[in-house]
Amino acid sequence: MKMKNYYQKEIETASREEILKIQNEKIVKQVKYVYDNVPYYRNLMDQKGVKPEDIKGVDDIRKLPFLTKDDLREAYPYGLLGTDLKNCVRIQSTSGTTGKRVVAFYTQKDIDMWEECCARAIVAAGGTNEDVVQVCYGYGLFTGGPGLNGGSHKVGCLTLPMSSGNTDRQIQFMMDLNATILCCTPSYAAFIGESLAEKGYKPEDNKLKAGIFGAEPWTEEMRRSIEKSLGIKAYDIYGLTETSGPGVSFECEEQTGMHINEDHFYAEIIDPKTGEVLPEGSKGELVFTSLDKEGFPLLRYRTKDICILSRKPCSCGRTHVKMTKPMGRSDDMMIIRGVNVFPSQIEAVLLKEGYTPNYQIVVDRVNNTDTFDVYVEFHPEQFSDRIADIQAREKDLNGAMRSMLGIGPKIHLVAPKSIVRSEGKAVRVIDKRKLHD
Amino acid sequence: MAITQLSAFLENTPGTLYKAVCAISDAGVNLRALSVADTRDFGILRVIVSDVDKTIAALNEDTVITRTSVIAVRMSDKAGALKEILSVLQKAGINIEYVYAFTANAANSAYVVLRVNDIEEAEAILKENGLDTLNDEDLNTILP
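Line by line, the protein sequences give chains R and P.
Its first residue numbered 1, the first sequence is counted upward by one per residue in my numbering.
Its first residue numbered 1, the second sequence is counted upward by one per residue in my numbering.
None of these hints come from the bench; they were simulated from the model.
Just so it is clear, the structure is predicted and the values come from calculations on it, not from any experiment.
Below, simulated DMTMM-like cross-link-like pairs (lysine to aspartate or glutamate); rule was C-alpha separation at most 25 angstroms, straight line:
hint: 1; chain 1: P; residue 1: Lys-19; chain 2: R; residue 2: Glu-198
hint: 2; chain 1: R; residue 1: Lys-417; chain 2: P; residue 2: Asp-41
hint: 3; chain 1: R; residue 1: Lys-417; chain 2: P; residue 2: Asp-26
hint: 4; chain 1: R; residue 1: Lys-395; chain 2: P; residue 2: Glu-11
hint: 5; chain 1: R; residue 1: Lys-417; chain 2: P; residue 2: Asp-62
hint: 6; chain 1: R; residue 1: Lys-63; chain 2: R; residue 2: Glu-74
hint: 7; chain 1: R; residue 1: Lys-273; chain 2: R; residue 2: Glu-216
hint: 8; chain 1: R; residue 1: Lys-199; chain 2: P; residue 2: Asp-53
hint: 9; chain 1: P; residue 1: Lys-78; chain 2: P; residue 2: Glu-123
hint: 10; chain 1: R; residue 1: Lys-32; chain 2: R; residue 2: Asp-59
hint: 11; chain 1: R; residue 1: Lys-417; chain 2: P; residue 2: Glu-11
hint: 12; chain 1: R; residue 1: Lys-395; chain 2: P; residue 2: Asp-41
hint: 13; chain 1: R; residue 1: Lys-228; chain 2: R; residue 2: Glu-194
hint: 14; chain 1: R; residue 1: Lys-432; chain 2: P; residue 2: Glu-11
hint: 15; chain 1: R; residue 1: Lys-417; chain 2: P; residue 2: Asp-38
Here are some chain R residues the structure puts well away from chain P; computed CB gaps all over 12 angstroms:
hint: 16; residue: Ile-11
hint: 17; residue: His-153
hint: 18; residue: Leu-158
hint: 19; residue: Glu-204
hint: 20; residue: Glu-227
hint: 21; residue: Ser-229
hint: 22; residue: Thr-274
hint: 23; residue: Gly-275
hint: 24; residue: Ile-336
hint: 25; residue: Lys-352
hint: 26; residue: Glu-353
hint: 27; residue: Phe-372
hint: 28; residue: Arg-428
hint: 29; residue: Lys-432
Listing some non-contacts, in silico: residues in chain P with all C-beta distances to chain R over 10 angstroms:
hint: 30; residue: Gly-80
hint: 31; residue: Ile-85
hint: 32; residue: Phe-102
All C-beta atoms, glycine included, are put in the ideal place defined by N, C-alpha and C.
Just need the whole structure built from these sequences, with the hints factored in.
Laid out in structure tokens, this is it:
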């Protein structure tokens, strides 16, 4: 058998029975801990008539009440805290772009667990203590930078704590210090790839071998395009501030889904409408229960991410359940003139048709009808000085979108790098209809 | 014997043309002829300049720019001059994609710039009919 790289081989390749045993032991303790320490959740359990002693293993998790982002907002800032603040050492927070800022608390044990999860992801991407890891996720309240930074330390990699932005400096450090693993959002990785090409670098000129990209949705087409432009293998990583941060799940070399760190997080798929737990292989909303957190121990947190779980054996030897890349969000889905549209579908069409994955969707309502505009950055070599050529491109893209979505947006080709990226995270959708409500 | 025209993609928003013209001006390049085609979203700035490489260097940083070969035909500055040129092309079945004109220092002389679907054919036909097309070097002698 081929040598495999694991950060914590014993747990990452444990038998399903062992994993279940660990989860069953942990959940009993965790539910009692939450009931005793988090009045907000104790109330929810009491309202549902569930007592800690009703939870004897993970099969009983479905008896517990859900937590949603609304609960987190209502309980802000301390309502879901699991321990005295004197035991906490850190907070992290979401960007609050949807007006629902989440503040999560961490004890040192929580931080160690989180960083170990990130370390597993780095090792799965081929990382060892000989690697140079360039972290250009934002540092600060955002979990991306601190998470991968901590994971990289645990593996013993030389860590470049770049944070986001300043692409010229990113490229200078990448080339001068021979970075081998790049960690950032996929849209920023694509942007770095474009910038390298503009400076005249070929994919083989850098020393990168792998990239760990997450924090925003991306498609298989985008993965291949990033892999080509940087000359690397691109690995997906998933996580959310509510549970810890990046590293809740991560990809192995098979690139067919992300292994969830099941010794720390129990995953369920539910029907987003009824809340009913769906059998393995069903597509639905992902729900996480933390099994051993202290500072911010959420039980049955609804992520709004739509995906599928699979426990089919993986060629990498890891036994933890795999989740697909989120296929959309229950709240990301737009309904435009009655048609369900996910940004990921738009992106897939753009890459298939040879365009950049840099786009912005603008939805508005004029005279009681939805307008649907997609702004797309073209590649410099796609520029023609004949207006008819540009309009023909726009028309072709409109047709390709229509056959994919069943509804054709008005396409506007715009100059390369003209769509604003904030903190390396592209604003994909502007829905102005909400202003009229 | 075509001449080199530069075309730049500009967003149709206030200030983009000014910014491009500033960059050309700062590079010390003279604009010999200029035309802007516009749509609701974007415009295409087409220029004939005294120094192509300097202009590309000045604009390339944040503008998409491309070289295009176009035909420049000398005509006398009088009624009916353009008609004569277009008539020749029309008879040969050549499609004109866009057109603009400029005048030079020489008295009584104007030039029409054409982008056509078949540049070699168009030039041959014009020559056969005694019409004078310019190349980049000719431009340097007639214009600053």
